[in-house]
Amino acid sequence: EADIYQTPRYLVIGTGKKITLECSQTMGHDKMYWYQQDPGMELHLIHYSYGVNSTEKGDLSSESTVSRIRTEHFPLTLESARPSHTSQYLCASSASLGLAGVAGELFFGEGSRLTVL
Amino acid sequence: GENVEQHPSTLSVQEGDSAVIKCTYSDSASNYFPWYKQELGKGPQLIIDIRSNVGEKKDQRIAVTLNKTAKHFSLHITETQPEDSAVYFCAASPPLPNNLFFGTGTRLTVIP
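Protein chains in written order, with my numbering: chain A, 77 to 193; chain B, 168 to 279.
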């Protein structure tokens, strides 16, 4: 069982509200990720971090922002939510294997399903 | 960047039959190919992976094959059971940026 937690699991909010999706892991992983998952299943990388104070944008442009002040915590924020932000957001983490260019297993949280009315 | 294609998007099989899901990738430098299973209401979970120095790997009823020349890899599930019903994702990882690029997913339904 992976020790990575997302809150809230479900959130329904009105347009224009600011929201923060929380993600925490207790495995000491350096790398953390945010994926957006379509209703049609596709997973799109929107943000990632390779360590504290490191954040990068992913392949899919997103109006959200992230921060990585502590190793275990990687929150995602939307300053002004819109209906187009309605989606499932999945957080994940992985350990650095100590070998350059070698990827490791991703551990996913159970997701935060956001609905913006 | 890496582009991963996955087929089929949906697959229905009778319990006990085999299921095969195929993926192709575009970046010949990719060296890690995991498969994830996502059950309803949960995040994806790794079920098997293969690295580029290996052509085949098996774990009980699940096997993965890799053809580096053709840049494709496949997931094989034998003796399928209803609990195998889920969405399956393939992925490929090039050394840089060392992130996973996912396929579009296959919804597998095992009919009892």
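Just so you know, the hints here were simulated from the structure itself, not pulled from any lab data.
Heads up, a few of these hints could be off.
[What the hints assert, rightly or not] Think about it this way: if two alpha-carbon atoms lie no more than 20 Å apart in a straight line, the pair counts; the simulated EDC-like pairs of lysine to aspartate or glutamate are: (1) 133(A) <-> 169(B); (2) 224(B) <-> 181(A); (3) 189(B) <-> 148(A).
How the hints compare with the structure:
1. 133(A) <-> 169(B): Given pair residue 133(A), residue 169(B) holds - Cα atoms ~16 Å apart, limit 20 Å.
2. 224(B) <-> 181(A): Holds - the C-alpha atoms of residue 181(A) and residue 224(B) are around 16 Å apart, at most 20 Å.
3. 189(B) <-> 148(A): 35 Å, violated
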